[in-house]
Amino acid sequence: MILADSQRWIFPTTAVALASTAAFLLYAWMSPNGPSGGSIPGLIFAFAGTFIIIFECLLSLRKKYPASPIGRVSWWLRAHVWLGLLSFLLILFHTGFQWGQGLAALLMWLFVLITVSGIFGVVLQTWIPSRMMELVRREALFDHIPMLVWELRMEADERIEFLTADLGMKDDLMEFVRAGGVKQYFDPDQKASAALKVQAVVEKRKATRQIDIGDAPAAALKAHYLEEVRPFLFESPSAYTRKLYATADKVAAYFSHLRTILPLEAEPVLTDVEAIVEERRQLAVQSFLHRWLHAWLYVHVPVSMAFLVLTLVHAVISLRY
Amino acid sequence: MSKEDKPLDYERRIQDTKSVAQRVDLDYLNKPNRFRDLRRKLTWLAPLAAAAGIVPFLAGIGGGEKIFSNGLISRSHAIFEHKCSSCHTGLFTSVKDAACKSCHDGPPHPAKSVDTAKLNFEPGCAQCHLEHQGRTVLAEVADGNCTGCHSNLTASATGVKISGASISSFREGKHPEFPAVKLTDSRPLKLNHAIHMPAEPKTIRNIKLPMKCGDCHVTDLNSPASDLIPVTFEQNCRECHKRELEFDVHQVLGAISAPAPHTKDPLTIHAHIVETYQRALTANPFLPQRPLGRDFTPAASPAAWLERIVRDSESFLFDRKCKYCHEYEGQKDGFPVIAKVAPIRGHFQPAKPEPAAWLLRGEFSHRAHRAVDCASCHSGAKSSSKTADVLIPKMADCLICHGASGTHLDNCSQCHLYHNKARESDKDRRPVEQLLGRLFPEAH
Chain A
19 MILADSQRWI FPTTAVALAS TAAFLLYAWM SPNGPSGGSI PGLIFAFAGT
69 FIIIFECLLS LRKKYPASPI GRVSWWLRAH VWLGLLSFLL ILFHTGFQWG
119 QGLAALLMWL FVLITVSGIF GVVLQTWIPS RMMELVRREA LFDHIPMLVW
169 ELRMEADERI EFLTADLGMK DDLMEFVRAG GVKQYFDPDQ KASAALKVQA
219 VVEKRKATRQ IDIGDAPAAA LKAHYLEEVR PFLFESPSAY TRKLYATADK
269 VAAYFSHLRT ILPLEAEPVL TDVEAIVEER RQLAVQSFLH RWLHAWLYVH
319 VPVSMAFLVL TLVHAVISLR Y
Chain B
166 MSKEDKPLDY ERRIQDTKSV AQRVDLDYLN KPNRFRDLRR KLTWLAPLAA
216 AAGIVPFLAG IGGGEKIFSN GLISRSHAIF EHKCSSCHTG LFTSVKDAAC
266 KSCHDGPPHP AKSVDTAKLN FEPGCAQCHL EHQGRTVLAE VADGNCTGCH
316 SNLTASATGV KISGASISSF REGKHPEFPA VKLTDSRPLK LNHAIHMPAE
366 PKTIRNIKLP MKCGDCHVTD LNSPASDLIP VTFEQNCREC HKRELEFDVH
416 QVLGAISAPA PHTKDPLTIH AHIVETYQRA LTANPFLPQR PLGRDFTPAA
466 SPAAWLERIV RDSESFLFDR KCKYCHEYEG QKDGFPVIAK VAPIRGHFQP
516 AKPEPAAWLL RGEFSHRAHR AVDCASCHSG AKSSSKTADV LIPKMADCLI
566 CHGASGTHLD NCSQCHLYHN KARESDKDRR PVEQLLGRLF PEAH
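So the sequences go chain by chain: A and B.
Count along the first sequence from 1, add 18, and you get the number used in this note's numbering.
Count along the second sequence from 1, add 165, and you get the number used in this note's numbering.
For the record, the hints were derived by calculation from the structure and aren't laboratory data.
Don't take each hint at face value.
To be verified - Now the stretches of chain B that chain A is said to cover, found in silico as 3 or more residues with beta-carbon under 8 Å:
(1) 188 to 195
(2) 230 to 239
(3) 256 to 267
(4) 382 to 393
What the hints assert, rightly or not - Subject to a maximum C-alpha distance of 25 Å in a straight line, what follows is the list of computed DSS-like cross-link-like pairs (lysine-lysine):
(5) B/277 / B/266
(6) A/224 / B/171
(7) B/261 / A/82
(8) B/171 / A/222
(9) B/171 / A/240
(10) B/373 / B/407
(11) B/347 / B/551
(12) B/592 / B/261
(13) B/547 / B/559
(14) B/283 / B/586
(15) B/429 / B/355
(16) A/82 / B/206
(17) B/339 / B/283
(18) B/206 / A/81
(19) B/517 / B/551
(20) B/347 / B/277
(21) B/505 / B/429
(22) B/355 / B/339
(23) B/367 / B/486
(24) A/81 / B/196
(25) B/347 / B/206
(26) A/224 / A/240
(27) B/266 / B/373
(28) B/429 / B/486
(29) B/183 / A/215
(30) A/215 / B/171
(31) B/355 / B/377
Here a beta-carbon is modelled for each residue, glycine too, at the ideal position from N, C-alpha and C.
All chains, please: the whole structure from these sequences, using the hints.
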C-alpha cells in the first residue's frame, strides 16, 4: 500500500513544509507589497516547486523501466505522494495565495485537479485492495477477465446441455470439453485426431440429454438459462441480470428457486452453474473496483503532462517579462 | 447398453490450483487493452494538445499574449494592456525605471520642500508601484513601502530634521500629532467664530444667527480638491459689517453719506473723507453753522469746519471702527499703520505675503470629505472666540474614519505624497499619432 511504511517520507516532508511556511511567513511579513510570484523569494519557491513537479512526472518513466537500478518503484511512489503534496504548498507560497489570471489561473486549476485526483487515487489505492480481498475471493488478472467470462459462458453452456441437449449457441469459434473431462482447447491447428475425438463428445452431448430430467423441466431450465443466466455470462451483462445477481445471496436465492422447480437429478449441474454465476458476479465486482482503482489515472496522468508543458511555458514567459 | 448409448459422465466442477492455472492466457500482455491504450494515448495527447493550444497565444494572435499577464493592469495604464513591450522593454528582466520615466517624471522624495533629507537608497518605480494588481490606482502604494523607512527614518536617510519620528501606521502613538495643532494663529485680525455661531439663535442688525460655515468658507469649484476660497471682507464680511466703514460721526452727510473704502492705505481713506465732506459743503454752504456734537459754537470758517469734522471722523473711524477687526502696528504720517493681514488661508507668517499650509507634509481634500459635516472635524469652531485658536482637526478627529478602517482609507498615500510635485516637469509630449503608433502600430 502506498501509505504503508511512509514514516521516512512524512517526517522530512513535514519538516521541509514547516521550514517553507516559516520562510514564507517571514517573507510575507517583510515584503511591503505582500508576497508575489515575481519576487526573489517567490521565484525560489517557484523553482523548488517546479523541480519537484518534474520529479513527479518522472514516475511514469520509472514505471516504464521496472528493472532500472535508480530506486525501487515503491520508493518512487511514496516520494511521488509526499513530495507532490509539498510541491502544492510551495506553489501556493510562490503565488502568495493569489489565483492569478490567464495562464497562471489555468495552471492553478490544473494543479488543483492533479492534486485532488492524486489524493483521491491514494485514498482509493489504500482502501480498494483490502475491500477487494473481502468481496472477491477468486481474484483474476484484470486483463484476463474477458477471456474468463467467455470461458465461464462456454462451461455453463456445456453443463446445461447435459440437461437440455443442444442449446443452439453458435457464436463461439472454439469448442472445449469441461464437464466430460480435463479442459482441452482445440483449434484448427491442433491434431485432427484429438479434435475429432472431442467433436464426437460434443455432438453426443448436443444430440441428447445426458442427464434425463424430463421434457418439461428441461424446457423450463433452457428458458431460464437462455433468458436470465446466460446473458449474465457476457463481458457487458445486461442491467437486468446485473441487478438479478447483484449479491451472493441473490445468486443463491435464484438457484434455490431453480432447485424447487427442477428434479433432483439436476442438482449437480445447478450447483456448478451457480458457482459459475457467482464467479462471474465476483469478476464483475472486481472489474468495478478495478476501474475505480485506476480511473483517476485517466485524469491525473494526462493532466499532469499537459500541466508540465504549460508550466514550462509559464516559467519562460514569466522570466522573459 | 452399448458404449455409444451410454450417457457421458458428468464431471463436477473442480476449482483447484491446476484448473485455475490452466485458465491463464500467458499471452495476455501482448493483447490489446483498450483502457491501457486509452491512458497511453491520453498521456501523449494531453501535453501535445496543451502545446498546440498555447502556440496561438505565444504568437500573440488576437492580443493572445494577454493570457500571460499576471493580472489586470491599473486603470491609468489600461491602454497598454495589449502591448506588453510598452513597459517590458528588456528580455528576462523586470520593468526598468527608464520605461516609466519615458512618460512620467517621478521627481524625487521627500515630497515637500520643508524636508531636505537625502535617501540612502532610492527605490525603483516598480518597487512601490505594483502593476498587474487589478484596476487599481498605482499611486495608492502599500504602507509597507513608506513605513519600511519611516519607522526608522534616521537609518534610512541623511539630514533628517524630524527628531524621534518613527511612523509605523496611522494610529495613536504610531504617527505624530499634526504640527498645526500646536501652533497658534498670530494673524492681526480679530476673528471670532463664537459670535457668528451662537448656540442660541438670535438676530443682530437684521442678520439671523447662527451663521453656517459655508456662509464664509466657500469651496473653490475650480480646485480639484475643493480648496476653500480665502475669506475676504468684500466677499464675506461687507454685507454684515458695512457699518464698520461709516465715518459720519456727526451725522451731517445724510443721503450722500458713503462708507469709507476698505483699504489699508489711510491716505486713501483720508482723501475719501475729505472729498465726501467737501461735496456736502458745496451742496449746503450753511453746514458749518450747525453744531458738531455737543459743541454749539459755530465754526470760524468752512475750512475750519472741514478740518474739524474730518479729524473727528477719522478719529471715530480709525480709533473705533477699524479696530473692531484690525490691529495697528504703529503710526506713520499721523495715521495708524494697519497690520498686514495677508489672504485668510493657511498659517499666517508675518514676514511673508503668502501663508504656509497648515498641513506641512499632508494633503487634504475638502471635496473628498464633502459628505461630512464641518463640525465633525473642526469640533472647536463654534466655541472659538480668538484668532489664535487653530481649528485644524487633530489627529484624533481623523482617526474616527482613518487608521483602523481596514480599507485603503488607512493608507499613507491617502494623505501623503512621495514625489515632490513642485519639482515635477512635463515629459516630452508626443503627437498623438506617435503615441498611438507606439501602442497600436496598425494605426499608421
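Hints, one by one, checked against the model:
1. 188 to 195: holds (count 5)
2. 230 to 239: holds (count 7)
3. 256 to 267: holds (count 3)
4. 382 to 393: With 0 residues in contact (Cβ-Cβ under 8 Å with chain A), the coverage given for the segment 382 to 393 of chain B is violated.
5. B/277 / B/266: holds (21 Å)
6. A/224 / B/171: holds (14 Å)
7. B/261 / A/82: violated (48 Å)
8. B/171 / A/222: Since the Cα atoms of residue 171 of chain B and residue 222 of chain A sit roughly 10 Å apart, the hinted pair holds (cutoff 25 Å).
9. B/171 / A/240: holds (23 Å)
10. B/373 / B/407: holds (16 Å)
11. B/347 / B/551: Cα-Cα ~15 Å, so holds.
12. B/592 / B/261: holds (17 Å)
13. B/547 / B/559: holds (16 Å)
14. B/283 / B/586: holds (17 Å)
15. B/429 / B/355: Holds, at about 15 Å.
16. A/82 / B/206: With a Cα-Cα distance of about 15 Å, the restraint between residue 82 of chain A and residue 206 of chain B holds, given a limit of 25 Å.
17. B/339 / B/283: Holds. Residue 339 of chain B to residue 283 of chain B sits at ~23 Å (cutoff 25 Å).
18. B/206 / A/81: Satisfied, since the Cα-Cα distance of roughly 17 Å is no more than 25 Å.
19. B/517 / B/551: With Cα atoms ~22 Å apart, residue 517 of chain B and residue 551 of chain B stay inside 25 Å; holds.
20. B/347 / B/277: holds (20 Å)
21. B/505 / B/429: With a Cα-Cα distance of about 8 Å, the restraint between residue 505 of chain B and residue 429 of chain B holds, given a limit of 25 Å.
22. B/355 / B/339: Violated - the C-alpha atoms of residue 339 of chain B and residue 355 of chain B are around 37 Å apart, more than 25 Å.
23. B/367 / B/486: holds (23 Å)
24. A/81 / B/196: holds (20 Å)
25. B/347 / B/206: violated (79 Å)
26. A/224 / A/240: holds (13 Å)
27. B/266 / B/373: violated (57 Å)
28. B/429 / B/486: Distance of about 13 Å is within 25 Å: holds.
29. B/183 / A/215: holds (23 Å)
30. A/215 / B/171: It holds: about 16 Å lies between the C-alpha atoms, which stays within 25 Å.
31. B/355 / B/377: The given pair, whose Cα atoms are some 19 Å apart, holds under the 25 Å limit.
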